[in-house]
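> Protein chains in written order, with my numbering: chain A, 6 to 332; chain B, 929 to 1259.
If you're looking for bench data, these hints aren't it; they were derived computationally from the structure. Among the hints, a few may not be true.
Said to hold, decoys possible - DSSO-like, lysine-lysine: derived pairs with alpha carbons at most 27 Å apart: (1) K1151(B) / K1127(B); (2) K173(A) / K1218(B); (3) K299(A) / K278(A); (4) K142(A) / K965(B); (5) K980(B) / K173(A); (6) K1227(B) / K1185(B); (7) K209(A) / K965(B); (8) K980(B) / K142(A); (9) K1244(B) / K1113(B).
Computed from a predicted model, the values in this text were never measured in an experiment.
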Amino acid sequence: MTTADSFSSSVLLEIYRKALLIRVVDEGIRGLILSGNLRIAMHPPTGQEIVAAAMGLNLETTDYLVTIYRGLHDQLAKGIPITLVVAEYFAKATGACKGKGGPMHMTHPESGVMVTSGVVGSGMPIANGLAWASQIKGDNRVTVTSFGDGASNIGAFHEALNLAALWKLPIVFLCQNNRYGESTTYADATASSTVAERATAYGKNMVGVSVDGNDPESMWTAMRTAVVRARAGEGPTLLEANTFRLSGHYCGDSSPYIPKEEMEEAVANDPIKLTREAVIKSGAATEAALDEMKEAFEAELEEAMKFAHESPAPDLSEVETDVYGAA
Amino acid sequence: MSEQSTINFTQAYALALDEAMAADPTVVLLGEDIGDKEGGGVFKVTAGLSTKYGDVRVRTTPISEQAIAGAAIGASLAGMRPVAEIMFMNFMTVAMDQIVNHAAKLRFMSGGATSVPITLRTRSGAGSGNGGQHSDMLEAWFAHVPGIKVVIPSSPADAVGLLRACIEDDDPCLFIEDGLTRTVKGPAPGPNHILPLGKAHVEREGSDVSVISYGRPLQEIRKLADQFAGEGVSVEIVDIRTVSPLDTDTIVTSVCKTGRAIVAHEAVRSFGAGAEIAARIQEHAFSSLKAPVKRVASKDSTVPFAHSLELEFLYKASDIEAAVRQTLDGM
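Construct all of the structure, not just a fragment, from the sequences and the given hints.
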């Protein structure tokens, strides 16, 4: 999936392509939930698409990703086929996890999505293990572990970053700082002014970088640098991607705790809108081509939803299957 | 028994790790102080292994139980067979999220797409004056989580065979070592001795009463069985070996034969493995019972520091003996 060595208008277009796919699927699923047609818990990634797209474009399929319950953007960016994602949201036997994991536990090793966890901060120690295995085997893979700003305050964060720096693991800690941990502001929960500055506590092996995660060039370049560094065996990066959560902590959360002006400004700066404008301005694609791109994704989503809708529910015997492996 | 043919528990754990590492290059060890530079582990189980296999495969970690458990889980997802040492069982509680929410469940939640073939070695047991945070037997906590296998050996040879089995198993296994009996010796097994998990062992056949147990109490139960034999009472000893998944069939078959059952463990009495075993006996062997199922366990309290209190806390061999006599009287 690695595209280029330096940022260009064609990279910008690829970022937009991935980000748009994410937005289309996100909107489609939220639409089903809000209209009462899909009764599931969902934590939308709306507004954080550029972060994920830039991440996905800088990774190979064989690279590992550990993500979290707000993970739709990461999962699609890493390459899980839409049909498997949507069927899992629909809790069908044809889903990525046979309907047994759901959005909060989406797993697809073929795309490198090894774990999706619903427990804040718990993915980082596991991601270290994947990176450790790569280090032992010398398989040249990079592991990315994605988490929110809230997760930087749980103990596992410290244990994981210390170990990663100590062992110089090929890993990127991708903190998607969306300014709110559930309904508490970043400043009301975090003593440091940035997450990235905490990297200094882990010595020379760890680099801390804070970027505008909604800006395609900044985000892509920072991700590229971190992945290249990890793959070269130079150590981990704590990459803080500053972004904003546009659709609440969960689908149905109207975010009453976010000041009106703050939300209005964020909506006005919707990264999908701004990136679309930037793509057109760069000449990488015309307005008409981007409209066509969106229609194609909508058609793909519709097809995936039809497939999911028509798919069977998991067999009831699945309750006691996969608890243990074959004896 | 000649000196060459015996082995103690500590040597048994070390032998199993050495054999497993020699047999499979994906077996890696991690834990606090486990390298030779740090003395080969607080309990010396891993002594010599980092020198023999290198510090890439035998990796000393910071005191970070979440990071240790997580690294083991992650490495296992990538095809390794990590064996993590958690120094004391009470320290497992620091890593419960990793163990309960992840190691146990990733196979299920991924619909079988991934699995977590890790072994967590840990140590516990009262009687050494370590007080309330270094002595608990928490096996029932983990047995209550589907997806984890919980294994406790009662002899050095079993320790080798069961630890090898845990490492070769494709699911997360918790292997519990008893601190107090670490120097107790027993017959050494032959090379590559591997026992099945989830299978109880009828180690002594008898006809009057079944004593069902695991781990340390077996040391006392074996002596009691000899003593009762002298009185003409035939004791059958069932060592469950694997607390979870529990081998119900072997237990039920034994109790149906003898009609009497004692369940003994070191862990505190309430909500322990003994309760589960007693429940399964009444579910499957009720009509064969000639007496109520008896439980012998430690008291429902915190492990005390003072030795006199610690002994008072612990189950006693005399409790097991009394339980057998009461059961024989139909009480």
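> Now, for every hint given, state plainly whether the structure supports it.
Tested hints:
no.	hint	verdict
1	K1151(B) / K1127(B)	holds, 23 Å
2	K173(A) / K1218(B)	violated, 64 Å
3	K299(A) / K278(A)	holds, 13 Å
4	K142(A) / K965(B)	holds, 23 Å
5	K980(B) / K173(A)	holds, 23 Å
6	K1227(B) / K1185(B)	violated, 30 Å
7	K209(A) / K965(B)	holds, 24 Å
8	K980(B) / K142(A)	holds, 19 Å
9	K1244(B) / K1113(B)	holds, 21 Å
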